[in-house]
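Residue numbers (this note's numbering), protein chains in the order written: chain A, 1 to 657; chain B, 1 to 85.
Source of the hints: derived by calculation from the structure; they are not laboratory data.
Here the structure is a predicted model, which is why all the values come from computation and not from measurement.
Honestly, I wouldn't trust all of these hints.
[To be verified] One side of the interface only, derived from the structure: several residues of chain A facing chain B at Cβ under 7 Å:
# : residue
1 : GLY55
2 : ILE59
3 : VAL122
[To be verified] Quick list of the computed label-pair ranges, beta carbon to beta carbon:
# : chain 1 : residue 1 : chain 2 : residue 2 : range
4 : B       : GLN82     : A       : GLU435    : 35 to 45 Å
5 : A       : LEU448    : B       : GLN82     : 46 to 56 Å
6 : A       : ALA193    : B       : GLY58     : 17 to 27 Å
7 : A       : LYS50     : B       : ALA28     : 23 to 33 Å
8 : B       : GLY67     : A       : THR228    : 21 to 31 Å
[To be verified] DSSO-like, lysine-lysine: derived pairs with alpha carbons at most 27 Å apart:
#  : chain 1 : residue 1 : chain 2 : residue 2
9  : B       : LYS24     : A       : LYS131
10 : A       : LYS254    : B       : LYS45
11 : B       : LYS24     : A       : LYS50
12 : A       : LYS21     : B       : LYS24
13 : A       : LYS549    : A       : LYS646
Cβ coordinates follow ideal geometry from the N, Cα and C atoms, glycine included.
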Amino acid sequence: MKVIDLLKESAITLNMAPSSKEELYDKLIDMHCGAGNVSDKEAFKKDIAKREEEGPTAIGDGVAIPHAKSEAVAKPGLSAATVPAGIDLDAMDGAPSNLVFMIAAPKQGGDMHLEVLSRLTVMLMDESFRKKLLDSKTPKEFLKHIDEKEIEKYGAEDAAAAQKPEPAAQPQEAQPKKKVKIVAVTACPTGIAHTFMAAEALEQKAAELGYEIKVETNGSGGAKNVLTARDIAEADGVIIAADKNVEMARFDGKKMVQSKVSDGIHKPGELIEKIASGSAGVYSHKGGSASESTEEGGDGIGHSIYKHLMNGVSHMLPFVVGGGILIALAFLFDNYEIDPSNFGMNTPLAAFFKTIGDTAFGFMLPILAGFIAMSIADRPGLAVGFVGGALAVAGTTFASLVNPEANVVSAGFLGALFAGFVGGYITLGLEKICEKLPEALEGIKPVLIYPLIGILLMGVVMFLFNPIIGALNTALNNGLNAMNGASKIVLGIVLGGMMSIDMGGPFNKAAYVFGTAAIAEGNYDIMAAVMVGGMVPPLAIALCTTFFKNRFTPSERKSGVVNYIMGLCFISEGAIPYAASDPLRVIPSCIVGSAVSGALSMAFGCTLMAPHGGIFVFPVVGNVLGYLIALVVGSVVGALMLALLKKPLGEKAGLKK
Amino acid sequence: MTSKKVTVTNPEGLHMRPAGVFTKAMSAFESSINIKFNGQNYNGKSIMNVLAAGIKCGSEIEIECDGSDEQAALDKAVEIVQTAE
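Could you put together the complete structure from these sequences and hints?
Structural data, given as structure tokens:
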């Protein structure tokens with residue numbers, strides 16, 4: 001029984017100013033007669049009055065719903081009036097009423113009037129909806145608001161009822177039918193196709209089974225059709241079909257099924273049945289770690305770590321792509337010969353692009369760490385991880401605070417990964433400890449305790465962690481210096497490989513410093529090996545995304561193209577999103593590719609006098625042809641190895657061994 | 001917290017009048033009153049909530065009271081549901 005079907009445009013009067021309750025009710029009754037709902041006006045009026053004598057029908061919040069079950073009612077209906085100034089209808093909360101709906105229910109109407117009452121109150125509980133009704137200029141607008149609200153609250157239920165009118169009508173009389181209500185969230189790291197395919201599959205299946213469902217899609221454009229607290233409260237259970245983290249705290253205490261987004265597409269029936277049959281477990285957010293929450297239907301710890309990583313990577317990607325291309329433009333618009341050591345900033349235009357690009361790059365690692373931590377510990381984790389990531393980039397240590405001369409080395413993206421996971425688990429731990437605090441402190445946890453203690457602890461951890469990176473860097477520097485006498489090929493392998501291990505961390509920096517020191521000594525071949533090693537990772541990945549498409553997600557494939565540009569411009573960071581999302585396969589492939597390039601560059605006797613890489617410096621490279629061969633061969637080797645290690649995505653999902 | 005399951009016997013269900021009586025009586029208690037119906041929770045002190053639940057004749061509801069006077073509140077709640085017309 002839809003409210004919108006019961007209320008005709010002609011049965012609505014807006015902006016009334018009745019002088020008495022009787023005048024108002026007369027108008028509402030007249031409108032019922034006009035709409036053909038009531039056959040005997042006087043009899044109906046009597047029944048309404050009788051009902052009023054039994055007690056007020058003004059239920060508070062300005063809403064009054066006078067009603068009567070009466071022989072005089074020909075067909076069930078509604079009439080409505082707004083009274084902007086309000087009228088005293090003896091409301092239960094003592095306030096004047098301004099929104100009045102009159103229900104006319106036939107004597108033999110069963111539970112019809114209770115159902116209409118229920119629907120009306122569900123909708124009218126929403127204050128903003130009441131305001132919209134009051135502000136309506138025309139009855140048409142008034143109806144439009146009701147229609148929208150009813151679709152929002154009952155759209156799925158009505159659609160299901162419309163699909164099978166006969167069976168729905170019959171059992172309703174016999175026994176109150178229990179309607180299963182489900183809420184669901186679909187999400188994937190890309191958020192372009194799968195999110196919406198899963199939502200559609202779930203909606204269709206639910207309609208087919210006659211269940212009510214509301215699906216929130218967490219796509220790339222943000223969350224759509226967001227679940228309200230009320231949706232969640234009313235739901236029998238929650239389905240999470242997601243490969244990235246979604247906000248979970250709101251589902252505390254609900255029955256829940258969690259799965260990969262692909263299950264939402266392929267097995268919507270199974271997921272829905274788990275909720276409908278009540279066999280799903282209850283989700284407990286407090287103290288439940290994110291890995292626990294994925295126990296059901298997920299792939300256990302591996303799946304949850306992947307999810308945390310992807311949450312970080314997918315948020316980081318725009319910074320890498322935008323920043324990377326801008327930096328590449330800076331190199332393009334610059335003149336290398338003005339000042340080689342300041343390449344990219346020599347002309348004003350180049351400096352403009354470089355400054356913006358560098359700023360974007362500056363956010364890259366904090367974003368990565370922040371969103372990994374947020375994936376683990378929900379919202380409170382974000383700030384903690386963010387700060388941890390920034391400290392990893394800065395490389396600050398206790399020693400460097402006292403002694404500004406101390407060796408400060410950025411921990412690079414591996415450090416940011418570390419910060420993200422540690423930050424997430426610090427916050428989770430804090431949440432667990434804080435459970436013991438008195439309830440009165442509940443409110444200050446998210447605004448004071450988590451941020452303050454969380455960030456402080458994170459800072460301490462990073463200040464203790466960074467010296468390890470510094471020491472590692474020093475050891476690497478010493479190690480490289482000791483290798484000075486080693487064969488050039490071996491040196492090329494080591495240096496090239498080091499450039500790819502952490503793409504901006506201690507290994508990368510040690511190799512670079514060694515290269516610049518060698519230039520100062522007049523050995524130009526070492527810098528050539530270092531730089532070619534730094535160009536290989538993005539190129540290897542770009543090649544792999546082009547020739548082995550099935551190893552990558554659509555978004556990875558699309559940003560793969562950008563990696564050609566970044567590789568050619570010596571922006572190794574382009575590889576970081578790929579390395580961060582699948583470090584165990586991507587990093588070794590890049591290392592091998594870079595090592596091959598480094599060795600070949602040495603073997604061909606290539607030289608480079610500038611402390612920079614990329615195609616822009618090729619004019620000053622000695623033996624350019626050999627250098628190009630080294631670059632291409634290394635990239636191809638890296639791409640092939642990556643293709644070998646990375647399984648096609650279908651297999652990785654666990655369908656085949 | 002204390003709770004009890006009750007079947008609504010009023011042929012009209014928990015319609016506006018009994019819902020009004022119920023919420024008015026419950027508001028006098030300090031305890032929080034929660035009605036569980038169809039797997040959902042409704043505030044037993046808000047008539048809007050109780051009406052929104054649309055509780056029909058023959059439905060089983062669970063009333064949960066939590067607070068210093070929970071037993072008295074529960075007894076009263078059960079009495080109203082079983083007797084109100």
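Outcome of the hint check:
1. GLY55: GLY55 of chain A check passes; min Cβ-Cβ to chain B is 5 Å, inside 7 Å.
2. ILE59: holds (5 Å)
3. VAL122: OK, holds: VAL122 of chain A within 7 Å of chain B, min 4 Å.
4. B:GLN82 - A:GLU435: 35 to 45 Å: holds (39 Å)
5. A:LEU448 - B:GLN82: 46 to 56 Å: holds (48 Å)
6. A:ALA193 - B:GLY58: 17 to 27 Å: violated (46 Å)
7. A:LYS50 - B:ALA28: 23 to 33 Å: holds (28 Å)
8. B:GLY67 - A:THR228: 21 to 31 Å: holds (27 Å)
9. B:LYS24 - A:LYS131: Holds, because 26 Å separates the two Cα atoms, which is no more than 27 Å.
10. A:LYS254 - B:LYS45: Since the Cα atoms of LYS254 of chain A and LYS45 of chain B sit roughly 23 Å apart, the hinted pair holds (cutoff 27 Å).
11. B:LYS24 - A:LYS50: Holds, at roughly 21 Å.
12. A:LYS21 - B:LYS24: holds (23 Å)
13. A:LYS549 - A:LYS646: Holds. LYS549 of chain A to LYS646 of chain A sits at ~11 Å (cutoff 27 Å).
Violation of the numbered hints given earlier is confined to hint 6; every other hint is satisfied by the structure.
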